[in-house]
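Enquirer: Single-letter residue listing:
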Amino acid sequence: MDFQYPRGGSYDPAMPIPTPFHDRTAPLCTSLQWKDWAGFHAVCRYGTHLEAEYHAIRQSAGLLDVSPLTKIAVAGRDAAAFLSFVTCRDIQRLRPARVRYVAICDEAGKLVDDGTVMNLGDGSYRLTAASPIWRWIDRFSAGFDVSLVDESDSIASLAIQGPRSRAILEQAAGEKIPLRYFQLATMSLDGIPIEISRTGYTGDLGYELWCQAEHSTALWDRLMEAGKPHRLLPVGLDALDIVRIEAGFVLQGVDYFSAPTCLIESRKSSPFEAGIGFAVDLGRGSFVGSEALERENRMAPRSKLVGLELSLPDIEKLHASVGLPPVLPIEACRTSRPVYIRARQVGYITSSTFSPILKSAIALATVEGSVGEPGTGLEVEFTIEHVHHRIPATVVERPFFDPPRKRD
Amino acid sequence: MAVSYDQVIIGGGHNGLTCAAYLARAGRKVLVLEARHVLGGAAVTEEVFPGFKYSVCSYVVSLLRPEIIRELELTRHGLELIPLECSFSPYPDGSSLVRWPDREQTRREIAHFSPRDAEAYPLFGDAMIRLARFVRPILDKPPPDAIDPGLGGLLDLLKLGRSFRRLDPVDRLRKIQMFTMSAVDFLDRWFESDALKAPMAVSGIIGTFLGVRSPGTAYVLLHHYMGEIDGASRSWGFARGGTGAVSCAIADAARSFGAEIRTEAPVARIDVRNGEARSVVLEDGSEISARQIISAVDPRRTFFGLVGREHLDPDFATSIERFKYRGSSGKVNLALDRLPSFTSRPGDGPHLRGDIAIAPSIDALELAYDEAKYGRWSSRPYLNIVIPSVVDPTIAPPGKHVMSIFVQYAPYQLEGGPESWPQHREAFGDTVIETLEEYCPGLSDSILHRQVLTPWDLEQEFGLTEGNIFHGELSLEQLFFLRPTAGWANYRTPVKNLWMCASGTHPGGGVMGSPGRNAARALLKARV
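The listed protein sequences derive, respectively, from chains A and B. So the first sequence is numbered by this note's numbering: it starts at 31 and just counts up by one. So the second sequence is numbered by this note's numbering: it starts at 472 and just counts up by one.
Just so you know, the hints here were simulated from the structure itself, not pulled from any lab data. Take the hints with a grain of salt, since some may be wrong.
Partial list, computed: chain A residues near chain B (C-beta under 10 Å) [said to hold, decoys possible]:
| id | residue |
| --- | --- |
| 1 | 65 |
| 2 | 78 |
| 3 | 90 |
Example chain B residues on the side facing chain A (calculated, C-beta under 10 Å, incomplete) [what the hints assert, rightly or not]:
| id | residue |
| --- | --- |
| 4 | 537 |
| 5 | 546 |
| 6 | 551 |
| 7 | 647 |
| 8 | 740 |
Since this is a predicted model, take the numbers as computed values, not measurements. Where is the CB? At the ideal position from N, CA and C, for every residue including glycine.
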């Protein structure tokens, strides 16, 4: 099987491809700030400043076009067995209408991608991932009775996230949506056939909706209309980047790199090192990377992912010392910065942001396996006026922000 | 006599609670006594109309010190602040101006009125930030006593002088201008467009009985930029659940440190013997003794209402008597069936996510003041409006909204005397709605419930003397080492063991928390 070219091949390769929601998102994106996500047009922020979008996710609800996610339909007698082989999770134990977060590794136990597997209940599954991965998993399909169809272009997806997301969906659907955390349902929303999963990338109450691309506009309109009284706002990727750090979620290509794309060994990470060791089910027989992961699991970790809280008073003091007001932009930063204990570099920050809801500066960092206990005091590099300084930081538990409504 | 405390605090407003939290955190046995059934004083949320939560009095969280949020872990105690996104000013001719957080977007808006002003506006902001930086450190500690400074005070004054010298000469001149000029005169040096100047000038008059052309009002403009230098903290905003959520979070923090808080416990008087405060006597006759008594009510009520003139030095009593309140504002809270639609920017949109100023022109503002000077409320008052339900859906049912309207001028000293306010209350409310209807036709039809607060109501219900929202005018002669009076700006009073911790002390009003924190720190340092 070959890659299906998007939308019947009728796109201009000079431009990122419009997602199925483009007709709706484009007029709303008054900032004209877009970026390329897996080859697609994706909105960075709808307005020129993104605080309203951030607060919508935490106070009311935000609607995000996540169609560029890779979506692969996995069917056939061996579907569960195959997914248990290509991911680190035991999908054979995944009950119908449930979703599981998965890590995908190479044979050396190094991360390729992370995503979710949904058990659609009819014997078929859907694998989602951050980047194109059909070819990678197809390499392992020999010997399995399984069919793999890349539905990335034919299935449109929306995330609706925030404390009001349930109320909005129930209003749009005209019925209760009693989904539990990581549960899935197939339903008709006002006549539009969708799958709906209680999942997301925000660490808040939220859902992801999946429909055939031809229904995308109708679905968007229905949700925006139902969301109006609840102050639903369309939200771009910039606000998402802040909330996902608050939620402690790692991002492929930022906090870890996909092993096949790494030119050097030291750039690769295992799921344990990337802070998603919980997505590895060991002791269940062989799967891609299992030997290496079993071995690694028995040893002390080489490095690990931790949450850091940077000392805001020290950041303020540092600004004051050069006569500047302490302006921390409300925007996530993906610049790598060294982390020290005294003179020794023990790691590096990969993602950082000011958290408006916590009023603190937080970061995800990879540090040596021996230094990551919560409460540990470290120093991180902080550049101001072109001069390197160091400011104190403390290792804290992830997630930084974990509202009970996420699971209630 | 009942159990004894280290400190008893009279008044459960946000400053009293802040003071209590800091004292309890330092291990003191603290009791807070609040007269009303609900905590928060003027920083309060009440469900006056079912399903709609009004921030009855104070409607934005202005300059709440980031130190307090951190030190008391207010986020953990439930405080979530949502920033005010913009400032929207509709004009009678159908035009409008919105100032946004994005500089370029704001420039494009202003350029519609004056390309010259569009260029000057960001520079003005930068200049204000530089000047605000000079003022900000003063907020977080007791002011030095310039009249009789003592050694420590001299050092503080010296530091202040040094930071003044460190300012650019141009900024030094601006600083002096700000202390002496009117808001309008100061803005005239920067801008030509009335549409821009009018909504900017009003920040100089809020909480004072002055007009935009009165000298001294320029200084207060600076307070507006103080939030900017708190940088990331973004301290201008709504508290999720209404302004009362600030008080609730602080109270929760205070309790977590062991403070005791009682509501419906009105204090009748402070028992003073031989010049020393010994206990508080509640209205129910019970008496509670403490090592110190800290008043979080305003200076006049503290000294004349609770202490009694017979216990005060006559000169001190006179100075407290002359401390000006002159409440000049009222408040209208509305429950709305739908969002208002402004003629100049119809429908829903981001322009409704900030504050809305009805300040049509400099002349209109000055005219509004003229009427108030002679005991009438303005027939076309300045309105500062917020619709917090636009960003906080917890305070109104889905699709419905809460609108909070701050109204200036509503003079406490009405022609027929302040007691006559209740009979004019609804007529005053009508004036406000009629004013707003000119910009927002159809508003009246969407009103489900209306609450009108006159200065008289603010005094009677919330204990704000003469209805002044800041426990005394925020005018230059009543600030810093002169608040509430020379020699007593350090939170102490001439009555031994009686302290003050609220907006009538430095640095003054607003939901800042500084007086409460500063007072607690001064008391702990004093080792009394």
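Enquirer: The structure should be examined with respect to each hint, and the outcome stated for every one.
Expert: So, going through the hints one by one against the coordinates:
Among the interface hints, the one on residue 65 of chain A is violated; its C-beta lies about 18 Å from the nearest C-beta in chain B, farther than the 10 Å criterion. For the restraint placing residue 78 of chain A at the interface with chain B, the shortest Cβ-Cβ distance is roughly 4 Å, inside the 10 Å limit, so the hint holds. Taking 10 Å as the C-beta contact cut-off toward chain B, the hint placing residue 90 of chain A at the interface holds, the least distance being around 5 Å. Hint status for residue 537 of chain B: holds, given a least beta-carbon distance of 7 Å to chain A, under 10 Å.
Hint status for residue 546 of chain B relative to chain A: holds, with the closest Cβ pair at about 6 Å, below 10 Å. Contact between residue 551 of chain B and chain A, as hinted, is supported at the beta carbon level, the nearest pair being about 6 Å apart and thus within 10 Å. Because the closest C-beta pair between residue 647 of chain B and chain A is about 21 Å apart, greater than 10 Å, the hint is violated. Hint status for residue 740 of chain B relative to chain A: violated, with the closest Cβ pair at about 41 Å, above 10 Å.
In terms of the numbered hints stated before, the structure departs from hints 1, 7, 8, listed from lowest to highest.
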